[in-house]
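S.K.: Residues per chain are reported as follows:
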Amino acid sequence: MTFSRPVTLAGWILIAVAFTAAAIVAIVSRGRFPSAIAVLRAAMRNVVVRVIALAGWAWVGWHFFVRTSR
Amino acid sequence: MNARGALGGDRRRLVLVGAACIAVLAYGWWFTDLEPFSPKAFRALLVPVVVVIVVASVYRVRHKSDAREAATRAAPGFSVAVVVWSVLIAALVAWELIALRSLPRADHPTISSLVEGSEHHHLARLALYAAWVALGWTLAS
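Chains as they are written, first to last, in my numbering: chain A, 21 to 90; chain B, -17 to 123.
Take these hints with a grain of salt, some might be off.
With beta-carbon atoms standing in for the labels, derived distance ranges [stated by the list, open to error]:
#, chain 1, residue 1, chain 2, residue 2, range
1, B, Leu85, A, Ile57, 32 to 42 angstroms
2, B, Leu105, A, Ile57, 52 to 62 angstroms
3, B, Glu78, A, Val69, 46 to 56 angstroms
4, A, Val69, B, Phe24, 22 to 32 angstroms
5, B, Leu85, A, Val68, 27 to 37 angstroms
6, B, Ala88, A, Arg65, 41 to 51 angstroms
It should be emphasised that the hints constitute simulated quantities derived from the structure, not laboratory data.
Glycine is no exception: its CB is placed at the ideal position from the N, C-alpha and C atoms.
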């Protein structure tokens, strides 16, 4: 599946706006609507989730600081 | 503990956190200037990964408290938050994969290509590194 350039860019903008809106709701709600990090931390009580999350974090570091050319 | 003892403890903690921040940024300044794709860069990456996971795990054990996670689970909007964040992350991953399969990259940017644009500047790489370390600490501690 491929889209035109405007559709691809519009999709990124929509996703960014949605993430920002959800993050703002999480801040404004003062804990009633937990943030993504809070939800992830709650899920990380499970060892498997914890290992996957930390491996994902390490991969992000490798991807952006070792693998990415500049 | 009396008030003076508590104040001393707070000051010591503040100094420790400040020293840790300076160390992280100093290391990051050197690390984010290394040649990409090099074995040296890979070895240098292992240092913050191991240090953050080990130190944060020790901190987690010493300050073990489920209060924050319990409060998250007890939040009225917890179930809604799980669904909302899952949908958003699924959309992000799906869109990334669609963009990844499309070319040219300039017309179909991925998260990596969008970030790469800012990575030409050393300060931007340092900021990205600091955010990455902070995320790792938040997750692991």
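S.K.: Could you work out which of the previously given hints the structure breaks and list their numbers from low to high?
M.R.: Those not satisfied are hints 2 and 3.
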